[in-house]
Structure formats: C-alpha cells, structure tokens
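Student: All chains should be modelled from the sequences, with the hints used to inform the complete structure.
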Amino acid sequence: MSEPMQSFESAVPHLRLVFLLVIAAFFMDIIDASIVTVALPSIRNEFGSSIADSQWIYGAYAITLAGFLLLMGRAGDIYGQKKIFISGLGIFTIASFTGGIATSLLFLVISRSIQGIGAAMTTVTAF
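Take 1 as the starting number for the sequence shown in our numbering and just add one per residue.
Don't read these hints as lab results, they were simulated from the structure.
If a hint is listed, it holds; no wrong ones were tucked in.
Below are the SDA-like pairs computed for lysine to any residue, each with C-alpha atoms no more than 25 Å apart in a straight line:
#: 1; residue 1: Lys83; residue 2: Leu71
#: 2; residue 1: Lys82; residue 2: Ala24
#: 3; residue 1: Lys82; residue 2: Pro13
#: 4; residue 1: Lys82; residue 2: Leu70
#: 5; residue 1: Lys82; residue 2: Ile23
#: 6; residue 1: Lys83; residue 2: Pro13
Tutor: Now the structure itself:
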C-alpha cells in the first residue's frame, strides 16, 4: 500500500471523532437556545423574578449569539477556524457551568450572554 493511502486510513478514525465533536457542539448551540424556554417558569419561581425580567435569560443568549456571529467569523479568518472553535467550546462550557450554579438572575443572564459568545464562536467556525 502506498504511503499517502496508509496515512489517510490512519487519519479516518481521527476525522470521524472531529466530525462528531463538531456536530455535538453545533447541536448544543442550537438546543441551548430553545431548551431554556421549557425551564423558564421554574427558573422564574426560583429567583422570584417577573416574566419581563426572566425573558432576559433567553434574550441575552440570542442577542449575543446573533451579535457576535460576524465578528467571530472574521476572527476565524484571521486567527484560524480551529483556534476560534476550540476557544468557543471552552467559553461555552465554562459559561454553561457558571449558569448552572448561578445564585441570582443577574449572574444567570451574564452567564447566558457569555454562552452566546461561545456559541457564536463554535457555530460560525464549525463548518
């Protein structure tokens, strides 16, 4: 077997893993935008917030995601798609954790905003 063919065959499992990681990250970005609407009444009761205030939990994520898409696309062009994707994955993960341990509505909204930035980084550089 030729040398290029052997190196391609050894890279196939690695490529599959990368593809699955990208798909999983993209899925998390999309599902995270809508899943919070199911939990919104419980979150509102937990923090004792009004309906208007609790809408920021969803809005903060959506606004920052939409607002940072173009910027992160350009950052991917300048610094490399892989770097931006991996950084975005880390930011999204940390912000998800901090949102999960939030003790106030403000802390949760800030975490959701940071999640939106991470989601913009992974969404725009995923493919």
